[in-house]
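K.L.:
Since chain A is already given, all that's left is putting chains B and C on it; use the hints.
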Amino acid sequence: MHISEELDPRIKELISRGTDKVKILSVKTPPPGRVVQRNIDALATGFKYVVKPMRMTIDYPYKDIEYPDGYRGMFRVDADKCIGCSLCDIVCPADAIRLVLRDKKKVPTINWGRCIFCHFCVDICPVEAFETYKVHDVAFYRFEDMLTTLQEFTKGPEEYTPPRKVIGKKFRVVIDENRGLRYESIG
Amino acid sequence: MSGSQDITQELAQEMFRVVETGVKEEGERLIELQIGPTHPGSGHMRILAWVDGDIIVRCDPDIGFVHRTIEKLSENRAYIKTIPLVERPSLLDTTPMTIGYVNALEKLMGIEVPPRARYLRTILAEITRIASHFYGIGILAIFLGHSTGFMWAFGDREVMIELATMLTGARITYAYVIPGGVRRDMPQNFPDAVEKGLRYIEKRLKEWEKIFLNNPVVERRLRDVGILKPNIARMLGVTGPNIRASGIDYDVRMIEPYEAYDEIDFMIPVAEEGDAYARGLIRFKEIEQSINIIRQAVKKIPEGEIISPQISRLFNPLMKKIYAEQKRVKLPSLMATLKPPKGEAMARVEAGRGEALFHIISDGSTNPYRFRFVTPSFRNVILFKYLIPGHRIADLPAIYGSLDYFPPEADR
Amino acid sequence: MTISLGPLEIPTRLVYDFLHIFILPGFGAVLILIILIIWAERKIAGLVQLRYGPLHVSRRFGGILQLVADLIRYTFQEFIVPRGVDRIAYLTGPVLALIFAIIPIAFIPVSPFIEPPIYVSSNMLLVLAILSMAPIFIIITGYASDNKFAFIGSLREAFLMISYEIPFIISILSMALLFKSLDMSVVVSSQANYLPGVILNPLAALVAYIAIIRITGRFPFEISEAESELVMGPYTEYSGLMYGVAMGIAYIKLYVYSILYSIVFLGGWLPILSTNLVESYFIGSFIILIKASLLMLIAVFLRSVYPRYRVDQAIRLGWSQVLILSIISLIWSLILSYFLR
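Protein chains in written order, with this note's numbering: chain A, 1 to 187; chain B, 1 to 412; chain C, 1 to 341.
Treat the hints with caution; some may be incorrect.
Unchecked claim - Simulated DEER-style distance windows between Cβ atoms: (1) A:53 with B:288: 39 to 47 Å; (2) C:36 with A:37: 28 to 36 Å; (3) B:40 with C:202: 34 to 42 Å; (4) C:240 with B:38: 14 to 22 Å; (5) A:37 with B:288: 22 to 30 Å; (6) B:237 with A:143: 42 to 50 Å; (7) A:143 with C:286: 56 to 64 Å; (8) B:346 with A:37: 48 to 56 Å; (9) C:122 with A:178: 55 to 63 Å; (10) C:327 with B:288: 41 to 49 Å; (11) C:327 with A:174: 40 to 48 Å.
What the hints assert, rightly or not - Just so you have them, the derived chain C footprint on chain B, three or more residues with Cβ under 8 Å: (12) 32-46; (13) 137-143; (14) 217-225; (15) 384-397.
To be verified - Short derived list, chain A residues pointing at chain C, Cβ under 8 Å: (16) 36; (17) 40; (18) 42; (19) 43; (20) 46; (21) 49; (22) 53; (23) 54; (24) 55; (25) 57; (26) 59.
I should point out that these hints are in silico values taken from the structure, not numbers from a laboratory. All C-beta atoms in this analysis are idealised placements derived from N, C-alpha and C, irrespective of residue type, glycine included.
Chain A on its own, in the form it takes in the complex (with noise of 0.2 Å):
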């Protein structure tokens, strides 16, 4: 049996069904040709690059991003505030926050390994216990600093140890017509 190259009438009935809404753009390959003048656009569009460079890179550890509002990085609890509902345990999805018994008193505490940022605790909390910061890239020297008790979960990650130093200038990202993304320093 040789497959031909025309849709079996078969199957084209089985998909007549929902095209009619469909609305099509024709692509069509441009044809090959005119290979000289293809040549010479392609090297001087880099060229252009060589000439004036348009760096959309940052030079990070020397240069420091700050992110913009709303980004879900790391946390710390209110100790005060916190009635111990568990509601942030039963609804992290990688079991990073558990609640220890601790005097009679359910306490929150953290695996940061295992923290996705995803901030879903931060958003069931019915009495608004968490506190966010905009950092995410505090290192730890060994795995058992990452799991934290309530006595470091309610400090904020400036003061971990090792503290996680302002490392070069603070820039913000901005977006821009030309450039893409731009650098602007605040500080």
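P.N.:
Here is chains B and C on its own, set in the frame of chain A:
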């Protein structure tokens, strides 16, 4: 339906015969190349290619290296915990996956989504689609050896990722879509930044044409390579831009519109040739169409709620205050232990690589009984077996790049 | 003539030979120029690709010492010799390819008044012959490594070597026909009398440049070491210092071919005005190196614009278009040499 089964069986037998007769024993002329997982041109999979001189005689994809048992993991978790999980396989277009899962869940529970939330979901889905197509173009470029195309693609993708950071707060894994709506509203400077970003991408598409699409060496490498005929594509179940480059106009956004797609005016690009060049060109044209969709959605977005009233009536006074002031949706405690009624629901979406299908079977408890989802890359992987034999070794990266196959998405 | 250094009497010829082979344009210039050219390649690629390129190693100078850091790393990396390789060929292949790529420097003159260290009256032909032997050892390295990808890489190198060395030799010999001599000093002085070779026979210049881009493995002809198809081509199984040697072979060949090209087509050490021996040596070699660097920079800029060809497309290009252009350039030289008495 038995009529179509005869056709598929006949065609399948013919296809198997065409491929199997070419294989000889490994010996003097036939070499078995294992383009394995630790190879710069293979991704997270192994491709076994039997090569006779320079011509590939038989090709077998060996997938499953990145299987993370997403479907089984979701059977032990509550419904809302699966939302970040279902984003993880296909890391490039994460939003359509969450939209599909949440749509299936909403069908099961009968939750209505307000119009503003639907438009916000559409805007994020199209932003993700542009980012995903740029990734596909970049991989096609680096497999051909065009390192500038690779770097430009990832640089332009970065603009879209920064826009998404402004909207949702994360760079790639947003977890923005929840049953009933979305989690946050647009910030004040968002429409302005979106317009600037889209104008930048339009400007760059012209330079892409000069250095990549019209580059004579790229044309020589991609023209008439890996031609996929329409009836074979239909029989194998290929989806996405691969099938739209072969002349079949199939796009879930038009056939079964979801979210705000039935209120927005756009076209789907379809090409006739079916070779690797057409598949690359279709991705560029789809980026232009997505720019069109985002512009219309940002202009037409209605005012209103971003979360369904069925959920917002469960807020306590503190949550209501935060919602009114910051437009940030707090999750009521019911969300952590959702118990949908018994039944099953299906939803399908058009992800960047094709059609994704979500099927949830619930038995009334907090964990699903079965969650099945079929990703577009999993349906496209069969093309490795049928498109590649007959081409040369150097065509294998070209065809692989043009199919935009992403192994973690196929393995889930 | 001798130079007296205290109690020592050193013949001038020996001093000149030492300077020519070890400092300029020999090993010293090779090392410095290769460090600069590889840095320029990565920096130019970075500029076109919207990023910085190498910047970390010596920040104040724009990362120029990056290659020195890389070479230090390769020196201290473990050099693993796999079990199934043919040991003698595996260990000596890249080394011999390097030797044959760098020997021609001893034959090339850089000054109008001083003979090169080894003077042969037909030194252009000798340089071409020695340079054609380097690819043979690359093929041997690929075959000696017990690896299917290296084998395919050396097959590709064998096919392409034959397709592109022939047009190169024909175009260089057509220039020799035009200037009626196979001696490079005579060729340069003829260009002083008439015009530079690139204006007299532009077709030969174009063919020779395309052939140089293929022979040294620059994009779009980087086919034998195609990274997404064969892991590293013939050099797949190398690590440690031999990997550094293998990477350097292509750039040393580019250096020598560029010097040859600038002597035959661009006028060599012209315009040189002084007649002092010492000055003519230094100024002459500087002028040649500047012209060679310009050619190397153009060849290296192509990495950011082009992908790579497929093997059969490159071979077909070589046999159908480049060869025919080189034969046309030969005929053009014949016609033109009649008019240039």
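K.L.:
Hint by hint, say whether it matches the structure.
P.N.:
Right, here's what the structure says about each hint:
no., hint, in the structure
1, A:53 with B:288: 39 to 47 Å, "27 Å, violated"
2, C:36 with A:37: 28 to 36 Å, "33 Å, holds"
3, B:40 with C:202: 34 to 42 Å, "39 Å, holds"
4, C:240 with B:38: 14 to 22 Å, "19 Å, holds"
5, A:37 with B:288: 22 to 30 Å, "24 Å, holds"
6, B:237 with A:143: 42 to 50 Å, "45 Å, holds"
7, A:143 with C:286: 56 to 64 Å, "59 Å, holds"
8, B:346 with A:37: 48 to 56 Å, "52 Å, holds"
9, C:122 with A:178: 55 to 63 Å, "58 Å, holds"
10, C:327 with B:288: 41 to 49 Å, "47 Å, holds"
11, C:327 with A:174: 40 to 48 Å, "58 Å, violated"
12, 32-46, "holds (count 4)"
13, 137-143, "holds (count 3)"
14, 217-225, "holds (count 4)"
15, 384-397, "holds (count 6)"
16, 36, "12 Å, violated"
17, 40, "11 Å, violated"
18, 42, "5 Å, holds"
19, 43, "6 Å, holds"
20, 46, "4 Å, holds"
21, 49, "4 Å, holds"
22, 53, "5 Å, holds"
23, 54, "6 Å, holds"
24, 55, "6 Å, holds"
25, 57, "5 Å, holds"
26, 59, "6 Å, holds"
Against the hints set out earlier in the document, violations occur for numbers 1, 11, 16, 17.
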